[in-house]
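*Asks:* Construct all of the structure, not just a fragment, from the sequences and the given hints.
Chains L and A, in that order, are what the protein sequence lines are. Per our numbering, the first sequence starts with residue -10, numbered consecutively. Per our numbering, the second sequence starts with residue 38, numbered consecutively.
In short, the hints are calculated from the structure, not lab data. Do not take every clue at face value.
Mimicking EDC-like on lysine to aspartate or glutamate, the simulated pairs with C-alpha atoms at most 20 Å apart in a straight line are [to be verified]:
no.: 1; chain 1: A; residue 1: 82; chain 2: L; residue 2: 64
no.: 2; chain 1: L; residue 1: 63; chain 2: A; residue 2: 135
no.: 3; chain 1: A; residue 1: 82; chain 2: A; residue 2: 114
no.: 4; chain 1: L; residue 1: 146; chain 2: L; residue 2: 180
no.: 5; chain 1: A; residue 1: 82; chain 2: L; residue 2: 154
no.: 6; chain 1: A; residue 1: 97; chain 2: A; residue 2: 79
no.: 7; chain 1: L; residue 1: 101; chain 2: L; residue 2: 79
no.: 8; chain 1: L; residue 1: 101; chain 2: A; residue 2: 125
no.: 9; chain 1: L; residue 1: 286; chain 2: L; residue 2: 68
no.: 10; chain 1: L; residue 1: 278; chain 2: A; residue 2: 105
no.: 11; chain 1: L; residue 1: 286; chain 2: L; residue 2: 310
no.: 12; chain 1: L; residue 1: 113; chain 2: L; residue 2: 144
no.: 13; chain 1: L; residue 1: 113; chain 2: L; residue 2: 68
no.: 14; chain 1: L; residue 1: 63; chain 2: L; residue 2: 219
no.: 15; chain 1: L; residue 1: 101; chain 2: A; residue 2: 126
no.: 16; chain 1: A; residue 1: 120; chain 2: L; residue 2: 79
no.: 17; chain 1: L; residue 1: 63; chain 2: A; residue 2: 104
no.: 18; chain 1: L; residue 1: 101; chain 2: A; residue 2: 104
no.: 19; chain 1: A; residue 1: 81; chain 2: L; residue 2: 211
no.: 20; chain 1: L; residue 1: 278; chain 2: A; residue 2: 135
no.: 21; chain 1: L; residue 1: 139; chain 2: L; residue 2: 103
no.: 22; chain 1: A; residue 1: 81; chain 2: L; residue 2: 273
no.: 23; chain 1: A; residue 1: 115; chain 2: L; residue 2: 154
no.: 24; chain 1: L; residue 1: 101; chain 2: A; residue 2: 79
no.: 25; chain 1: L; residue 1: 186; chain 2: L; residue 2: 154
no.: 26; chain 1: L; residue 1: 286; chain 2: L; residue 2: 79
no.: 27; chain 1: L; residue 1: 148; chain 2: L; residue 2: 131
no.: 28; chain 1: L; residue 1: 278; chain 2: L; residue 2: 79
no.: 29; chain 1: L; residue 1: 246; chain 2: L; residue 2: 219
no.: 30; chain 1: L; residue 1: 63; chain 2: A; residue 2: 126
no.: 31; chain 1: A; residue 1: 81; chain 2: L; residue 2: 64
no.: 32; chain 1: A; residue 1: 82; chain 2: L; residue 2: 273
no.: 33; chain 1: A; residue 1: 120; chain 2: L; residue 2: 132
no.: 34; chain 1: L; residue 1: 63; chain 2: A; residue 2: 125
no.: 35; chain 1: A; residue 1: 97; chain 2: A; residue 2: 135
As the structure is a computational prediction, the values presented were derived from the model and not from experiment.
Each chain is listed here by its residues.
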Amino acid sequence: MSANDHDPSGPRHNPARRQALSCLAAWTGSAVVWTVAGGVPRALGATGEGPPAAAAKNALTFVQISDTHIGFHKEANPDVVGSLRRAIADIHGLPQTPAFVVHTGDVSHLSKPEEFAQARDLLKEIRVDRVHTIPGEHDTIDEGVTGYLKFFDHDGKGKSWYSFDQGGVHFIGLNNVLNFKMGTLAALGDEQIGWLKGDLASVSHSMPIVVLGHIPLWTVWEPWGWGTADSAQAMALLRPFGSVTVLNGHIHQVLQKVEGNIALHTARSLAYPLPTPGQAGIGEPGPVKVPAGELGKLLGTRQLSIVPGHHDLALIDKPLDA
Amino acid sequence: MTRAFARNTTHPLRAGLALVFCAAFVTPAICAAAAPPATTVDIKKFAYAPKEITVAPGTKITWTNRDETPHTVTSTDKSFASKGLDTDDKFEHTFASEGNFSYACTLHPFMTGIVHVRKQ
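*Replies:* As structure tokens, then:
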């Protein structure tokens, strides 16, 4: 999924522009390929006409899933397990096996041990080396992050934030669902900001960075808590790097924002849709019920590819039902 | 102060009917002897209703989550805290002494409420 016009070996004729225009005209309900070059995302084409072009052979490809809410069983989606299993089948059907999967939080619905256990077993069904998870606010309800860590302790260090390098990319997982003061947005908190500063100190500024955080790391809609109180501090630490991609969940819909070299993307859920930010006539960010047959168009997965030496990052957002 | 977490243990109408009965037919003194004062707060549309409430010492407040999204009732001073309340789950707390008790939802900290406990 590298941008053809950045690849000297690629075809001179580039049909992507025409496809981009058509997909921008009617992009809802079909997968869209995005490339991020120099921090500016561009639509490359819709995939409704066939499978996406195979990623470059040396690309690192991974998949983002989010907001599985295992334990949710209400009208908006009585079968969240079935939705996750459909996503798993989609992942197994990809032309290039992803290196790993990231889950950007709200693994469970009510932080119950049996929900965490079921989610862990379901995620083990994905045929990849590893599923990297971060907590959402639904995973930290009764005892902070303690219950979640009993099932999803990334490094065995008892922390809900971590980093790792793979394929020439520095990955960072964050917890931005706690550390709030009453009446405010949740935050990363001073301890985690301090850790992030130390973690980034040893990373080359030319190394691509991918950050995972559940709640958007920019303020999408403050009255609904769709933002992170101290995200500006994290953005300041990330700004010197040449290629930063932030992957969020929480709001159950695809949105993008670009700030310099930092591109931020929210993902679809695998449980139920939520209203658009501040959507008129709704008033609160609760599950949206849609007619039968519509739900699969609003849930989905995201495939990402990074080609070494390029700052291009290609994203394909794919609904369960195209 | 007592703490209690009730999951669908009391019928929501019972407390309300008792209050109506007391107000309509019985003197306050007898009423107080028959049942301790009690009142209710609904959690709906990501808000506490009412958001602000004033009660007498000894009053039991029952919160009921009417949303499809879980919420909590968690006091700022840690004197009371519910577990995660799923749809129709209830949380009870009896306010023994006077004071102002602010609380929030730990999942959605923009949701806040306050209980004023005053002798009346």
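*Asks:* Hints numbered earlier in the text: which of these fail when held up against the supplied structure?
*Replies:* The structure breaks hints 2, 3, 5, 7, 14, 16, 20, 23, 24, 28; every other hint is satisfied.
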